[in-house]
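**Q** From first to last, the protein sequence lines stand for chains A and B. Sequential numbering from 1 applies to the first sequence in the working numbering. Sequential numbering from 1001 applies to the second sequence in the working numbering.
I should point out that these hints are in silico values taken from the structure, not numbers from a laboratory. Being a predicted model, the structure only gives us computed values, none of them experimental. Glycine included, every Cβ here is placed at the ideal spot set by N, Cα and C. Take every hint as true, because none was put in to throw you off.
Reference excerpt, derived from the structure (chain A facing chain B, CB under 10 Å, subset only):
1. A70
2. L74
3. A80
4. T81
5. V82
6. T83
7. Q84
8. L85
9. R88
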Amino acid sequence: MSRLPDIFTIVAVSAGAFFFLAGTVGLLRFPDPLSRLHALTKADNLGLGLVVLGLLPQAEGFLAGLKLVAVWLLAQLAGATVTQLIARAARRDLPPA
Amino acid sequence: MSADGMLDAGLAALVLAVAGWTIAARTAFAAVVGFVTYGLLLALVWVRLAAVDVALTEAAIGSGVTGGVLIAAAARLRPTEAPAAAERPGPSLRFAAAGLSVLVSVALAALVVFPADPAPGLGPAAAAHLPELAIGNPVTAVLLAYRAIDTLLEKVVLLLALLGVWSLAPDRLWGGTPGQLQDARRDGPLALLARLLPPVGIVVGVYILWVGAVAPGGAFQGGAILAAMWILVMVAGLHDAPETGQRRVRLLLVAGPAVFLAVGLAGFVVADGFLAYPAPLAKPLIIAIEVVLTLSIAVILGLLVAGPPERERRR
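Using the sequences and the hints, build the whole thing.
**A** Take a look at the structure:
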């Protein structure tokens, strides 16, 4: 059963990579800025979250794991802020519906 | 090809692609976005080359602070962009520039691909004297002990750059306040970020400065992170930029280079010469210089991004 953490890592990181791929496809294919942002945030939140979750069993000790989680939280904070700012700028440029 | 080799090849291809895209970008703003991306990718390349100090500096200065300055410049130049694009240089000049760039790239590539044997380097010599300095990070030892004069002059150049920015302002605004970076809503998401992030960023900046003695980090990287936190607060409109004529601001600007120079001159008396440290005090002196330098670098970089004075000085 000692391989269980490794299997968990492979599954979670692959799932994270899938969300990055899906987010990128959405960023390229979706028709308007707001839906493109929607796709992008999935890559940021879920993709990076799953990658970090998958890497946790591989971390050297508790503090290294905490650092990984901190990276995810900071990326969340920055991502959410920038998304809001871009969405506001995009809505300002759109013709009133 | 091994997994590492594939990662490196992919990274190199990505860097080249982003570089090409940046040059081909039609608007200045798009080119700046490309340049920032390029800098972040380059930081990853430096990590792959095990030069983490350079990677930190590239990400913080090459990409972050320079990106901020360039975005402000692109916004300022937007009205003149179309006429400037119309009078672009002729094909012969562009071919000459491309030819020279290719020549430099090929020469550099040749040096890297066919290095002299043994490859020239001062690595062993730099590592040999680390115990005397009680410094564990060879990059910090080079920057503040072996080649301290370069670092000192670099900080003076940084100050001169800030003076260059300030002198773009008309005479009556000299000593005034830099323009408002952006009119942001004080209750908006940016203001929230500017309240949540600085406590974390300040701790990280101080840590990077402190850890520079034994691991990748140091005054420049730490100062850049502190400057970024300050710029965030200014951009979010939480706190206005200071008047550039204030004595407190001016003192902070020159404190780093001045302390560095004073310690350097003291070297004539207490050690072997200019910028030499007496052996038992080497580490405390280096750390003291780095602390003051970090403050000065943070203020210089913050004011560089804030730009020339645009509001008159209050009397």
